[in-house]
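K.L.:
Chain residues, written in single-letter form:
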Amino acid sequence: MIISVASGKGGTGKTTIAVNLALVLAGEQENDVRFLDCDVEEPNAHLFLKPLIKKRESIEIPIPKIDQKKCNYCGKCAQICAYNAMVVIKNRILVFPELCHGCGACTFFCPQKAITEQGREIGILEEGESGTISFIGGQLNIGEPMASPIIRKIKKKSKEKYNIRTNEDMKIRKQEIILIDVPPGTSCPVIESVKGSDYAILVTEPTPFGLHDLILAVEVLQKLQIPYGVVLNKCDVGNRQVEEYCKNNDVPILLSLPLDKDIAIAYSRGMPIVSLDHSYEQKFIQLFQNIIKQFKISSW
Amino acid sequence: MKEIIVISGKGGTGKTVITASMAALAKNKVMGDCDVDASNLYLLLHPEVKEKHDFYAGLIPALDSMKCNQCGLCQELCRFDAIKIFPGQTIIDHVSCEGCSLCAQVCPQQAIQMKENHCGEWYISETKYGPLVYAKLGIAEENSGKLVTLVRQKAEEIARKRDLELIIIDGPPGIGCPLIASISGANLAVVVTEPTLSGIHDLERVIKVTQHFGVRSVVIINKFDLNLENTSQIENYCITHNIEVIGKMHFDNIITEALVQRLPVVEYSDNKITKEIKAIWQKIS
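Order-wise, the sequence lines are chains A and B. For what it's worth, my numbering labels the leading residue of the first sequence as 1, then goes sequentially. For what it's worth, my numbering labels the leading residue of the second sequence as 1, then goes sequentially.
If you are wondering where the hints come from, they were derived from the structure by calculation, not from laboratory data. Quick caveat, the model's predicted, so the values are computed rather than measured. Errors might be hidden in some of the hints.
[To be verified] Subject to a maximum C-alpha distance of 20 Å in a straight line, what follows is the list of computed DMTMM-like cross-link-like pairs (lysine to aspartate or glutamate):
1. 208/B x 219/A
2. 247/A x 219/A
3. 261/A x 257/B
[Claimed, not checked] From the derived model, a few chain A residues whose C-beta atoms are all more than 10 Å from chain B:
4. 12
5. 57
6. 67
7. 78
8. 159
9. 275
10. 282
[Claimed, not checked] Which stretches of chain B does chain A cover? Using the computed rule of at least three CB atoms under 8 Å from a CB of chain A, they are:
11. 22 to 33
12. 138 to 149
13. 225 to 236
Every residue gets a Cβ at the ideal spot worked out from N, C-alpha and C, and that includes glycine.
Produce the complete structure using the sequences and hints provided.
P.N.:
Structure below.
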């Protein structure tokens, strides 16, 4: 089962929920938990899970490389490029690597076959383990605009692993749970992260900002046809509009967590809640049970 | 004319709360909200929309299923796995599509046409604090960077037309496309952080981006009393990197109260937080 933890607004507690849920689920023997940190612009989950990184690899996108001998400056590549990443002026050709999406159109259409492709690093992918949790995350390089190719790679990596394990463990087949820590917002990196999930947890807070951005996140999930429920963080501050919205729109509230200064301080030190206060373990188990219940309802 | 942008790297550190208070304190200015994914500034400034415009950017493929003979060439060449061919049916996944047009160019049947993509709206509005430009990117759309650039251009046009000295921009979280589009060429980036390991980690990354693009930055530490050890770690980081910490703000529920009343906190209360924000604004202006 693939569960995404998302929110329109930043700083509502996505990483906290994802990490603590992962830790609690990994504590049960029958679970095989995989954690994907898809917030590659500002990844934080590793600060709490402290995974032992076993493998790092460079993530590249293919960009055009021009063979100056073959190029006759016909301008076809510049004309075809949807991202204005190539410009031809008289007998000069310029490539702007940061604008290139690596679609391959220029290479395919060059009449002179003067374009080949070379890799350009835009970030890195990391694989490791935190106890029994397997961890895959990534980092966008400083100054790079496009996070989506890295997210795609993280998810692809997770699928590869998934297949191997299911074949090996046919006898004692564990319950596979993939948890995805999603970046904030509603645009491409968010879509890339949540796409293909079985369920999404939307973490929000009871403020006008929290409600406004929750509604946007709900629209995203409706468009992607992924069932969802809400975790209301700092539920005892602010107003009751989020709860009213959820009630009026039949959005289940899976878990409510009060504002707790001790938790905020633990968070500031990179300590998971469940390691601080064992009563929270039960809350996260309940959260997972609520998800399973909601998931079953939605798949009928 | 001066353009100030409020950013953070990590979301939820208090960018919009601080931007709204700056809007209330500054004179002769225009505001812009460059968090086009989830714009929140307007919720505190209560704008009256004067102009509403559609935003078109990029291209999307439209399939003529009568012409398509499922040859599969587009599916094979698409790098974004946006085309799936089933017996008798070709499906284009607009969410995965990045609008490169390769499929349309290559199709032997000319069954795919690229069309202009309507991917959001932008608004020019008036608030009691001055004009505000903001935008709403369509759900699951791309081109946020282009919309951010548009918001900044329009804010600048207004500033020129009305002879305003200052542009105050509420920035997006993260360090990718919309953030880069927000900061490039700005006069000053005000980076709001919090004394948590995540806050520190994300601050360091976003500072590197501002340096990469040659934008001067200053730092505000919000909720500094939550963890004094981490606060001094941030201060030390700023000293070694020659970045000024222009203010520290207490952890105070009054911020949430002001938010619920949908007011800039400096207009809601006159307590410690308000004094801290006023002192910060003194330093910037």
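K.L.:
Does each hint hold? Answer for all of them.
P.N.:
For each hint, the structure was consulted:
1. 208/B x 219/A: Violated - the C-alpha atoms of residue 219/A and residue 208/B are around 34 Å apart, more than 20 Å.
2. 247/A x 219/A: holds (17 Å)
3. 261/A x 257/B: holds (17 Å)
4. 12: violated (6 Å)
5. 57: holds (19 Å)
6. 67: holds (21 Å)
7. 78: holds (13 Å)
8. 159: The claim holds: residue 159/A sits with its nearest Cβ about 12 Å from chain B, beyond 10 Å.
9. 275: About 14 Å separates residue 275/A from the closest Cβ of chain B, which puts it past 10 Å; holds.
10. 282: holds (25 Å)
11. 22 to 33: violated (count 0)
12. 138 to 149: Check passed, 6 qualifying residues.
13. 225 to 236: holds (count 3)
Against the hints set out earlier in the document, violations occur for numbers 1, 4 and 11.
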